[in-house]
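Line by line, the protein sequences give chains A, B and C. The first sequence begins at 0 in numbering that gives the first Met the number 0 and counts up by one. The second sequence begins at 0 in numbering that gives the first Met the number 0 and counts up by one. The third sequence begins at 0 in numbering that gives the first Met the number 0 and counts up by one.
None of these hints come from the bench; they were simulated from the model. These figures come from a predicted structure and were not determined experimentally. One thing to keep in mind: the hints can contain errors.
Derived pair list, reagent style BS3-like, types lysine-lysine, alpha-carbon separation capped at 30 Å [claimed, not checked]: (1) B:K80 to C:K99; (2) B:K80 to C:K166; (3) B:K97 to C:K361; (4) B:K80 to C:K229; (5) C:K256 to B:K74; (6) C:K303 to B:K97; (7) B:K157 to C:K303; (8) C:K229 to A:K424; (9) C:K60 to A:K424; (10) C:K59 to B:K74; (11) B:K122 to C:K99; (12) C:K60 to B:K80; (13) B:K157 to C:K165; (14) B:K131 to A:K524; (15) B:K131 to B:K80.
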Amino acid sequence: MSAVIENHHEDHDHGPAKGITRWLYTTNHKDIGTLYLWFSFAMFLIGGAMAMIIRAELFQPGMQIVEPEFYNQMITLHGLIMIFGGVMPAFVGLANWLVPMMIGAPDMALPRMNNLSFWILPFAFLILLSSLFMEGGAPNFGWTFYAPLSTTYAPPSVTFFIFSVHIMGASSIMGAINVVVTIMNMRAPGVGLMKMPLFVWSWLITAYLLIAVMPVLAGAVTMMLMDIHFGTSFFNAAGGGDPVLFQHIFWFFGHPEVYIMILPAFGIVSHIIETFSRKQLFGYSSMVWAMLSIAILSFVVWAHHMFTVGLPLAAEIFFMWATMLIAVPTGVKVFNWVATMFRGSLTFETPMLFAIAFVVLFTIGGLSGLMLAIVPADFQYHDTYFVVAHFHYVLVPGAIFSIMAAVYYWIPKWSGNMYDERLGKLHFWLSFVGVNVTFFPQHFIGLAGMPRRYPDYSLQFADWNMVSSVGAFLFGFSQLLFLFIVLKTVMGGKKATSQVWDGARGLEWTVASPAPYHTFSTPPKVD
Amino acid sequence: MNKGAKKTLIKLVVAVPLMFAFGFALVPLYDVFCEVTGLNGKVFQSEHSDDLIAEQGRPLSLQFISTNNENMPWKFEPSVKVLKIETGKYYTATFSVKNTTNKKMTAQAVPSVAPSNAAAHLKKLECFCFEKQELMPGEEALLPVKLLVSNELPSNIKNVILSYTIFDITDYNDIELASNQIVME
Amino acid sequence: MLTFVAPMAKADWFALNMTRGITDISNEVFELHMLIFWICVAIGVAVFSVMFYSIYAHTKKKNPVPAKFHENHKLEIAWTIIPFLILIAMAVPASKTLVKIYDDTAGDINIQVTGYQWKWQYQYLEDDISFFANLSTDLDEIYNLVPKGENYLQEVDEMVVIPAGKKIRFLITANDVIHSWWLPAFAIKQDAIPGFVNTAWTIVEEPGIYRGRCTELCGKNHGFMPIVVKVVEQDEYDEWVLNKRNEAIKLAELTTKDWTAQELVSRGQEIYDVNCVACHQVSGQGITGIFPALAGSDIVMNDKERNIEILMEGVQGAAMNSFSYLSEVELASVITYTRQSWGNAEKGDGEIVIPKDIVDYKEPKI
């Protein structure tokens, strides 16, 4: 998108308030974006600490540092915190910072709701984490909380878990509504739908997905609540209910949720590859159509998570074919990125390194996903470490690498300072090696026959588990370096220009660095 | 906020409760889906229909199995384990049940058919599984199920299993909220 | 803390690929897996070699002026259609195999498999054989107090025995939460769902011992309920069936015998170690807040009636299941064991429970 900008200096405008009230009462999209990002970083570290406990226990066969009961609480909380506390708020934070700037809007459309949707989030996670100290312990039924393990057999803290999921859901729904209203109504003149930056497109689609499925999740946990406390039998076979129904409802939410966690990453990576290839993105419109078709297909593939529950043959075949179909638009995206790089003029700054790693490793995750779609083979893969490897490949070097790439790419714009390139590259290489050493051997462990959610395992799995744990420690501790780099950049460093990257396109690069507290109070002119 | 934004906002705010309701609507939808496809081996009560009765049936063995869900001390088993039947004819089978405790208890049996693609072809006219069973201490009963396997059963199926799991529901008597039933009636 | 670590010689660096298995179906699944794997590798190599070529050849240094193209309709159509065709090439054989797996005719032998927290029950429907398979790995091995055996966590106290060459049909269900019965060598994985029956079948030609695991999170000891199937020749199977029947008769005789406290306690300890120790612990102390202590419990010390009742019926809304599936002898011994251990006998009434008490309990008093 090309834009001609008059840079308005808005001296008359008030800056941020001082002290803690700035953050408590803020309605400024940049402040709220910052809050979301720091919150998700904190959650990433807490969820990561739990992953360290898990990998430490799995370092060797035998029970060493935790009991199976506590281990199950760790895997449950690790999943919930990383998904709902780490990845999703990070993307919402990026949307807050970037969407208004990218479309030339002064702020989000609903600033007060924006404040509310952030500030209920810490309470949701305080409640969830406090369940660790409750009688019977924290939720221990896995992040997928299948009934009846999560209803009739759950610890008392399940009620708090349900409450906390309700709050997270409310927060996500409000965030999504805000994004849609902003994008649909506040684009600067000249920013047509098919001229929007891809990150904006990816978030528009994500937001619609969120609005469609988060209420379904809310419904599912409400039914659980009613089963537990009000004697209904939605999921209890004794009263005419059906535990498998829970899985259908859960995955009706759960599969679109998977794409909620990857679509914004597609947007981010498209921008970064375009910038550092110094070449216009290949196939913009096919990128948009690919994302739309992935989003629509995500509603008709949920049962591929349930191939072993005893579905009829016809259903198995339908869901297998539908799932495989998703590989087509996903492939288109990968081909487009490669074509963008082809005959470009490439440089490899930290964001680009993360973006390239994203393309490679996400594709590996995508291909193992394709293997999982093959029902007869899935009978052997299902619920083993092969699945764990698969979804960590799409979520860690997928979603999380894209978030890190985004932070390196836009932090000069946010803070006005350049990050330390040497440290950034060090962080990248440590993370890259760490991720692969952690998750690649998990393919082997899974194929060899180790089921997921096992606190202990038989001896033939020992070698690769140890390797995986070593990789996990490397990856985990490298993230402290990331924290250091971010803090260092925020506190000082080489001043950034407003353009920052010579190949960057888009409205956000036309404002000063750091971006003024209020941008585009008057809409920019876009050709 | 401009007019367009308000309109978008209202649409989205309406969409949220609708999707929440849709989550609940999946419950009856799923039941309908199960009934049509036999998904999950669920069996529903059917009406008597002469269309199902066939002159020329094919032989089939019908196997009955019983499972006690946890904390269910009753004695519960099929009177006959395997019944040689023909498709397109009505049969009545029985299960014997005995309350072995010294308290009054209520039970509910939940049926399941395997293989699941046979479920849609198994028609039950009467079944104890549609009702709660209340037995006094030591009381015994013979519970009947009247059924027919339709002629349309896929021909590769030579053996159909009808399983009942019996649940103790003494403690949640009086609650008629069993969501599925409300909608089905 | 780590007195004994895993013997590394036993571990396997070469356990990299899927189990090929020993049935026709499992071989077919394996071939399918390899086919898709190599297709994925080929796609990966094709895509990444273009990409790495760009990374190598199209750097700013070597290619300072980037090309201008940003679309190519023919290319875009091609890379939409070709993957589509490849997918069909994968989906067709996969669907065919699936149809075979679902081909459900009668089995020669029908075995009902029921998942419990945390063990499997096997009922041979034609032969009236029924037993439980519990993990037989010693707790000391799990807690690293003694070296781990070869079949650490994949050994059970009683194997499922099936004859070679016969069609075996498993009817899989569960008693409490959802479990999943997985035997890689047969390529069978079916969820065990309370209230519902799923089926899976196999024909195994090769005698041998095959090991599998529970693959659906089912609570605390999900990782500790393995599956072991022993495939034997027909005559050996017939003999096994005969033995199992005789055992059942013997057990019935045992209920009528006179029992001493000592006999019951020593027998009870074995049963306790298999069935109770996971929750109530070796010390009888339970786990505060989750599993109540038996040591010093008023019921265990003084209330024989209620003690029997709890074991027979479980406790509603708690993790305590009914253990009424244990034999009268087993129930009486395990109750006696808890009533005699940890100082309970000294502090309480010290009464023992004999198999006859359990028989009486089962005869309802009106």
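Checked hints:
1. B:K80 to C:K99: Holds: K80 of chain B and K99 of chain C sit about 28 Å apart, inside 30 Å.
2. B:K80 to C:K166: Holds, at about 19 Å.
3. B:K97 to C:K361: holds, 11 Å
4. B:K80 to C:K229: holds, 26 Å
5. C:K256 to B:K74: holds, 25 Å
6. C:K303 to B:K97: holds, 24 Å
7. B:K157 to C:K303: violated, 50 Å
8. C:K229 to A:K424: violated, 55 Å
9. C:K60 to A:K424: holds, 19 Å
10. C:K59 to B:K74: violated, 80 Å
11. B:K122 to C:K99: Roughly 27 Å between the alpha carbons, so the hint for K122 of chain B and K99 of chain C holds.
12. C:K60 to B:K80: violated, 80 Å
13. B:K157 to C:K165: holds, 16 Å
14. B:K131 to A:K524: Not satisfied, since the Cα-Cα distance of roughly 72 Å exceeds 30 Å.
15. B:K131 to B:K80: Between K131 of chain B and K80 of chain B the Cα gap is close to 23 Å, so the pair holds against 30 Å.
Hints 7, 8, 10, 12, 14 from the earlier list are contradicted by this structure; the remaining hints agree with it.
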